[in-house]
Amino acid sequence: MNRLLSLCITLLAGLLLLYGVEEFPRWGDPQQPANVHVSPRYIEKTLPETGVPNAVTSVLADYRGYDTMFETSVIFTAGVAVMMLLRRSNGKKS
Amino acid sequence: MVRNLEDLIVRTCSRIMIPFLQIYSLYVYVHGHTSPGGGFQGGCIMAASFILLAVAYDIGEAKRRFSERLNGLFCCLGVFIYAGTGAVALIFSGNFLDYSSWQHIIPAGPVMARYYGIAMIELGVEITVMAVMVSIFLDLVTAGDHEAVLEGNHD
Chain A
1 MNRLLSLCIT
11 LLAGLLLLYG
21 VEEFPRWGDP
31 QQPANVHVSP
41 RYIEKTLPET
51 GVPNAVTSVL
61 ADYRGYDTMF
71 ETSVIFTAGV
81 AVMMLLRRSN
91 GKKS
Chain B
95 MVRNLEDLIV
105 RTCSRIMIPF
115 LQIYSLYVYV
125 HGHTSPGGGF
135 QGGCIMAASF
145 ILLAVAYDIG
155 EAKRRFSERL
165 NGLFCCLGVF
175 IYAGTGAVAL
185 IFSGNFLDYS
195 SWQHIIPAGP
205 VMARYYGIAM
215 IELGVEITVM
225 AVMVSIFLDL
235 VTAGDHEAVL
245 EGNHD
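Protein chains in written order, with the numbering used here: chain A, 1 to 94; chain B, 95 to 249.
These are calculated hints, taken from the structure and not from any lab test.
Note that the structure is a prediction, hence the values are computed from the model and not measured.
Note that beta-carbon positions come from the ideal geometry of N, C-alpha and C, so glycine has one too.
For the chain A half of the interface with chain B, some residues (derived, Cβ under 7 Å), not all of them:
1) 52
2) 53
3) 54
4) 57
5) 62
6) 72
7) 73
8) 75
9) 82
10) 87
11) 88
Just so you have them, the derived chain A footprint on chain B, three or more residues with Cβ under 8 Å:
12) 119-128
13) 173-185
14) 200-210
15) 213-224
16) 229-237
The task is simple: from the sequences and hints, build the whole structure.
Right, here's the structure in full:
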């Protein structure tokens with residue numbers, strides 16, 4: 001009974017998601033919102049504004065530099081967390 | 095865990111490969127401006143060279159070449175370079191992480207200052223990723239007890 005209920009919920013959720021996908025813009029549609037507003041701005045202004053030919057690098061490191069800074073901080077935090085959880089010191093100075 | 099394999103072929107091959115891996119890592123970092131690549135990828139390749147050293151030799155050899163103290167310093171130094179590059183812009187009344195303010199320090203126009211600013215923050219990313227990957231590898235492979243593995247009294 002419980003498993004049947006789980007199956008029904010899964011199928012319903014899947015159908016709901018498929019219904020939502022119908023509303024998406026077509027893949028590669030030049031008129032979809034993401035291709036109309038922000039992409040042309042970066043593609044046109046990357047070279048004159050930053051001098052970097054690679055738009056991915058300029059978005060990653062310059063326009064979205066705040067995001068990348070905290071990605072670096074997340075990696076730093078992961079390293080510190082592994083050190084805190086695993087590393088055992090026997091009191092000796094190495 | 096980590097056994098001490100005295101394999102001449104593995105050691106010689108890794109000794110030949112490690113310098114090329116490190117040069118290639120710097121190439122990926124520097125070439126990130128024009129092609130796929132950058133700090134994250136370059137840092138991982140640089141970490142792979144130290145991990146190859148630790149696998150082919152032992153943990154002690156890797157720690158002699160790249161000590162624990164230096165590793166901890168590099169973890170922090172990368173984030174510091176990144177945040178510091180952004181914070182310098184505040185001194186010249188720019189926005190945080192607006193690298194065009196570097197034109198007051200380095201002899202370049204505002205556009206090229208952003209170009210070099212990207213190179214500087216990618217250097218910070220590379221240093222942090224490299225140090226953290228090596229640190230996580232050493233901690234996981236020895237279960238956090240480097241000395242026990244080095245002395246060989248691990249179970």
